[in-house]
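Sequence lines, in order, name chains A and B. Here the first sequence is numbered in the UniProt record's numbering, starting from 1 and rising by one per residue. Here the second sequence is numbered in the UniProt record's numbering, starting from 1 and rising by one per residue.
In case anyone wonders, no lab produced these hints; they're calculated from the structure. Some hints could be false.
It does not matter which identical chain is used: a pair holds within one copy or between any two.
[Stated by the list, open to error] Calculated pairs, DSSO-like style, for lysine-lysine (alpha carbon to alpha carbon, straight line, at most 30 Å):
1) K825 <-> K797
2) K797 <-> K827
3) K797 <-> K341
4) K373 <-> K548
5) K296 <-> K341
6) K296 <-> K827
7) K797 <-> K373
8) K373 <-> K341
There are 2 protein chains.
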Amino acid sequence: MSEAAAATRWVYDFADGSREMRDLLGGKGANVAEMTRILGAERVPAGFTITTEACVAYMQGDKAFPDGLDGQVAEALGRLEAAAGKRLGDPEDPLLVSVRSGARESMPGMLDTVLNLGLNDASVAGLAARTGNERFAWDSYRRFVQMYGNVVLGIEGERFEDAIQAIKQDRGVTEDTDLDRAALEELTRTFQGFYDFPSDPQDQLRGAIQAVFDSWMGRRAVEYRRINRIPEDWGTAVNVQQMVFGNKGDTSGSGVAFSRDEVTGEPEPSGDFLPNAQGEDVVSGVRTPRDIRELKDWQPEVHAQLFEILRTLEAHYGDMQDTEFTVEEGRLYMLQTRNAKRPAQAAVRFAVDAVGEGLLDKGQAIATIEAEKLDALLHPTFDPDVTYEVLARGVAASPGAAKGAIVFTAEDAVAAAADDRAVVLVRPFTEAEDVAGFHAAQGVLTSEGGKASHAALVARGMGVPAVTGAGTLEIDVRAGEVRLDGAVVLREGDLIAIDGTTGTVTTDDVVLIDPVMSDEFRTVLAWCDELRRLDVRTNADTPEDAVKAREFGAQGIGLCRTEHMFFGEDRHDKMVRVILADGDEERRSALAELLPLQQGDFEGIFAAMDGLPVTIRLLDPPLHEFLPKLHDVEAQAERARIERSDDLDHLEHTLDRVRSLQEVNPMLGTRGVRLGILYPAIYEMQLEGIFRALLAARAAGTDVHVEVMVPLVDYERELELLRGLIERVGAAHDLVAGRDYLIGTMIELPRACLLADWIAHEADFFSFGTNDLTQTALGFSRDDIEGRILARYIEMKVFDRSPFETLDAPGVGQLVRMGAWLGRKTKAGLKLGVCGEHGGDPDSIDFFHHSGIDYVSCSPYRVPVARVAAAQAAVRDDGGDGAGW
Amino acid sequence: MSEAAAATRWVYDFADGSREMRDLLGGKGANVAEMTRILGAERVPAGFTITTEACVAYMQGDKAFPDGLDGQVAEALGRLEAAAGKRLGDPEDPLLVSVRSGARESMPGMLDTVLNLGLNDASVAGLAARTGNERFAWDSYRRFVQMYGNVVLGIEGERFEDAIQAIKQDRGVTEDTDLDRAALEELTRTFQGFYDFPSDPQDQLRGAIQAVFDSWMGRRAVEYRRINRIPEDWGTAVNVQQMVFGNKGDTSGSGVAFSRDEVTGEPEPSGDFLPNAQGEDVVSGVRTPRDIRELKDWQPEVHAQLFEILRTLEAHYGDMQDTEFTVEEGRLYMLQTRNAKRPAQAAVRFAVDAVGEGLLDKGQAIATIEAEKLDALLHPTFDPDVTYEVLARGVAASPGAAKGAIVFTAEDAVAAAADDRAVVLVRPFTEAEDVAGFHAAQGVLTSEGGKASHAALVARGMGVPAVTGAGTLEIDVRAGEVRLDGAVVLREGDLIAIDGTTGTVTTDDVVLIDPVMSDEFRTVLAWCDELRRLDVRTNADTPEDAVKAREFGAQGIGLCRTEHMFFGEDRHDKMVRVILADGDEERRSALAELLPLQQGDFEGIFAAMDGLPVTIRLLDPPLHEFLPKLHDVEAQAERARIERSDDLDHLEHTLDRVRSLQEVNPMLGTRGVRLGILYPAIYEMQLEGIFRALLAARAAGTDVHVEVMVPLVDYERELELLRGLIERVGAAHDLVAGRDYLIGTMIELPRACLLADWIAHEADFFSFGTNDLTQTALGFSRDDIEGRILARYIEMKVFDRSPFETLDAPGVGQLVRMGAWLGRKTKAGLKLGVCGEHGGDPDSIDFFHHSGIDYVSCSPYRVPVARVAAAQAAVRDDGGDGAGW
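Sequences are here, hints too, so could you generate the full structure?
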């Protein structure tokens, strides 16, 4: 190790730190230091923090303490001993310390803690003598030996618990607290027999510090970081703090306290405490804790002090606080404070109250909300007060709860909807042709696929609850049954309930609680609308979705996908006829039948979006998506051949067509504008429908702002050709581009981003299709990647989250920015939007805010989340605290 | 039209032009002006040129002459009349003119020409009187009326020919020249009855100019431009020139002359002439022309003058010339000169001779060669002296000719090769599993697919001749027959011959001529090696290909695709076992059997490339490519179920595996480095094979430079993981990266280009995989696009050439440059290569030369082309005449 490293400062006394030093001292260390500063040293037990950098150096140094660390710990311990007037391991009056982890972000329960460190056969006597409480001393020693063995040396907790159980049986008692001093000593000896207990407190301390460092790379911590996207190279700090004792008798106790109700957000402190207990007892649930309000009866002084401190801390931090405290013989110590994690309703309530109380301004208040969690407020949930038996767990693919009778096909779902029966669509996986079933079902359950599967994407887009990838279930559509471990557990028509917020599946008849948009939530959203600079539109394909999205505050439709309109019962047959048509005339006649239906779709949407812009994307997917599967047609034709059926001719024709439309890589095939150039008749029909609907809506007094969007453009010339087609159809109705409607394009291919300055010559607006842009820029087929690659890549730390959930800023984001800049270089006022899943993801929204985008578009149920996220981006931006894109 | 437009100069006298004004005056106009300057006005009939800009203005102005054009033409005509001392339409001594098109690039036969303009009933008499030759005058008049009707008014040529035929029968003569004055007058009157003949020479002139303008948008011209990639907005110039007459009797004549032999390039003028004829007679083939050397006997003076002029022109232009001349009563006039189009052997011969003669320096000489055409010198051809019956025409997919017995499967091809039988593989289309058949067959014929189909790409890569997309043939593999219009024309074993240079298919037993690399070609290539700055490597998967490429001058292997090694007869079964293996042990045992085979492959390649670098790409394609098709396995399993076969278990296992490896978009799926991260055992085996081969080759005294290449990298971390794996396997053999071998990556995804600075941290070299980069940047699946989209897009002018043939410079090229720049930003000396089809395309090579690339890699047979193209890029670069990338 170099001299420079040796000179690094690895250790800070609490008195030297502050909350600004979070990266170096971890959340706990920084907050304890801050509390020491604002509450005074007498309220916070003294101690010191070993920095996160020491942990990183330890990991990089192959688990060796970095040079200088041992010395600096010894010095800090010396200062602590001097201040406490006690020495670690002193047989007369020993100092005891806790050793706790503390990462930059809270990782509750994921890292290790050792309490009561410093006890051994000598010092336990000193402790007993000084406290005059032998039982307390031995209880502390027993706890320490147990914790050290478990946490530092990894001995199974069960072995200790079994031993406790045995001695309780032996003594004929049921509670730990009924064990007397002798029993506790015997237990301590038993535990010491489990391993080579280090008597020297210096060895104990070194071992505990190392255990905390090691716990950073433990299985639980790695998993937690993965889920919560915490970088591995942050490391954890280690806090060494003088012990205070809540288990010193009836005037002692421990507790946790929130500055406000942690479930509802109501402006009254909440929490639990236990007299004569250490903190771990409160959390472990071994004894039933008491409500914090009862402190008043127990020790009114402590109650008043604590409530005053909670107010002080909240005001100081500007956020709801989650604290730990200990009362030692009537004296209150604050051990920890941090911003409280809280459910969405509490977060919203706090934000509103904090503004009302003058604690925060609107921007600050909104910044305290986790936007992602708000989704939960917009969907039904399982009644949280009822327990139920879990049949299976899958991926929480689309939030909300649903229950109904099992159907296995989209057709059956549609039929059930017609009869007003509530059903859940249950399939191994879903495809485009199943989409009608999503509308008709209460929820969707699949055994395959994850958050980016077709089922998940469509369900989230429609706001239909979904659980995907419930892999223990074997869903046999042909047999009409669901098997678990080979045994049939469910058949068609059986009741099933799913919770897409948690990924739970049950067969119990769970009570569902409907969401209510609270006044507080409306208030918060209104503030967000004042603050944000990004508009929020919605992706909606039906008038119902449009109405719903408008209720949620959508400022227009950013993406109306016309292909979903062709999967409806009354349309699909006609679309198949269009594709199978022999010659132009037959095709046009089939298209003519679709025309009034398309027109009707658009009229409904225009009415719902009166006064707001509606972006309609012309047909995008390859035509074979509308035809039956090759495999099925082959089988049908084979059967017809054997049976010499009259259908054979028709089937062979279909087979030819299906074969000729097959593609090796449909994602990169004949879709989008390529369809428009190859088969202009389809686009012409769609345009005719749009323009007729526009005129009809106008005649009905509706204010229509239609934006025709051409998908998958690579070349300026493609858009020039399409502009010609669109303007020609419009001109037949005396409609003029730029005056009566706009023409724009999706920017969803890397080439389009790179040459957006050329394409902008033909475009009135751009909408970045970041889903397909991610697929092409990364060469990742969403359909194929997530099954095999995603998990492995997260495990191997290639990325920490699917690029389909949160925009890959360095790569795909770079293309978006390039496209935005080049587009505006050609047309200064070019309107820029984003449609696709990323438009509803808070982190991605922050990126778009900083990229000159005018609006994001997301599914109706994500609109409120997007409004909040957009406001937060603006607040961070104005506060100069941007993510630094 | 604005005053500015009115002030535009639309007309230039020949005396005012020069060859530098080609864009404005067209090739013909610029060259005639140049000739006037260097040969003197007495050698070149006077005239003027209407600019290409006038044509463009005419097209943009909806076929109206731009303001000022009429006036400027009248003025120029006045000057011409003054110089000639004759007036257009003068009944005493009329001026006659020709009106010819002349685009920026020569478009032979595609645009229109009118001769003898200015004749009418009055002036024909003057012409007769002045020349004393009534027959000549009426022959000229007859020709003019015929040409004007045909060219300007679009009357079918056959009507005129039929009338000539009729009058010849009537007069009992067989030759046109035997028709007397009266007959010619009668013919003229007959022709004038076909349409409303404009007597006024001013009307004639205006009509002819307009006809030339219109011919620019004619069907033939549009088609020619499409094929030759000439932009529509160039327009054509119009040349109006005083007529001189080769048909004035026995001391007159017309001819075409090349400054050197136009077929062989030998340094002797060649060409044809006809006494007493106009130029059109020489070209039309109505009379058999005489060799130009016979001029010496006919008129020695003219012979000497012409040969001297040819030398002067060639020296002046620095290139072989293709001229037209007319002799009028013993006086030689030069009508036109241009650089001669010539076949590859003549181009090479000229280049070498021109340097020898001191006419050009090496760089100038090399610049005269069309690199693309050189391919023809490296493959067998049909004997050009034999005629044969064409069975079908397809796409000239891979150059060279081949013949052999028809086989329909790769297996049969392999079996035939084992028996030394020559076969041609005939299939509707080909797939990866057919590749073994390419090696075994003489050539490949398919009924589907174009230049970028699998068959075409693999065939070109292997240098196997191929004709694809011979759509009139119905190839029925099951029936073992080939049908044409429903009738069986060929069966397995029948003889077939294909010419992949022309796309021709025949059943005749054509004689094939083997290619010989001439001394001149070797000389040219040696010069290219002196001049070029891009290295040229080859894509080679076998020792045979490596040896062949080295003969062609490859400086190493830029891409050795290891997947092809697993399709060989002795490997495929083992690879299938690897993929189907249950558990790690079984997989490793199957891999262990592949290891010595891989090692052997690499040893052979290292030996062939002794002293040169060899870039080995680890396995790239998705694993399902090695397995049977889902459809086939399903059918087999169904059969086995019915027959209760013992194979059922195995088949169902295979079926499961095939199903689980299916991908919706395999191009964007589990391939490349993703395989390496998911299934490291396969890469480990390959690396083991590489390193063992390296050691074995070293022991045998071979100088090995191996570069291990990781495909499809998106993230720096992917390459970091793979570097770890590679170095670990290497270390087991005491081999060290950077010393014993290099580690690099293919840059073939847009993200990799955008973040090449990050990826470069882990890479010793980059190789741009422009095929896949084109697919992802453009969102174009090569397999799917060309069948449907390519032709339509060329027709609709979205692009003029497939982006898979010539790099899409603005989009894909931008990514390549970004990747190159960012990579070198991190590592100044980072070696940069290009592999993929574009590495052998001259235009793309020019782009790479200007993009800081170190080497291109192409198929063995493209290596000489690439050497020449690279030298030409360097010459243009040094001459400051770069393509302006």
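From the Cα coordinates, with 30 Å as the cut-off, is the pair K296 and K341 best called within, between, both, or neither? within (26 Å within a copy, 105 Å between copies)
When Cα atoms must be at most 30 Å apart, do K373 and K341 count as within-copy, between-copy, both, or neither? within (11 Å within a copy, 72 Å between copies)
With identical chains, the pair K797 and K373 could be close in the same copy or across copies; at 30 Å between alpha carbons, which is it: within, between, both, or neither? within (25 Å within a copy, 50 Å between copies)
Tell me, please, which holds for K296 and K827 at an alpha-carbon limit of 30 Å: within, between, both or neither? neither (68 Å within a copy, 69 Å between copies)
From the Cα coordinates, with 30 Å as the cut-off, is the pair K373 and K548 best called within, between, both, or neither? within (20 Å within a copy, 64 Å between copies)
Within, between, both or neither: how does the pair K797, K341 come out at a Cα-Cα threshold of 30 Å? within (27 Å within a copy, 59 Å between copies)
Cα distance capped at 30 Å. Does K797 pair with K827 within a copy, between copies, both, or neither? Cα proximity of K797 and K827: across copies only (24 Å, versus 41 Å in one copy).
Give the relationship of K825 and K797 under a CA distance limit of 30 Å: within one copy only, between copies only, both, or neither. between (38 Å within a copy, 25 Å between copies)
Hint 6 from the list above is the single one not met by this structure.
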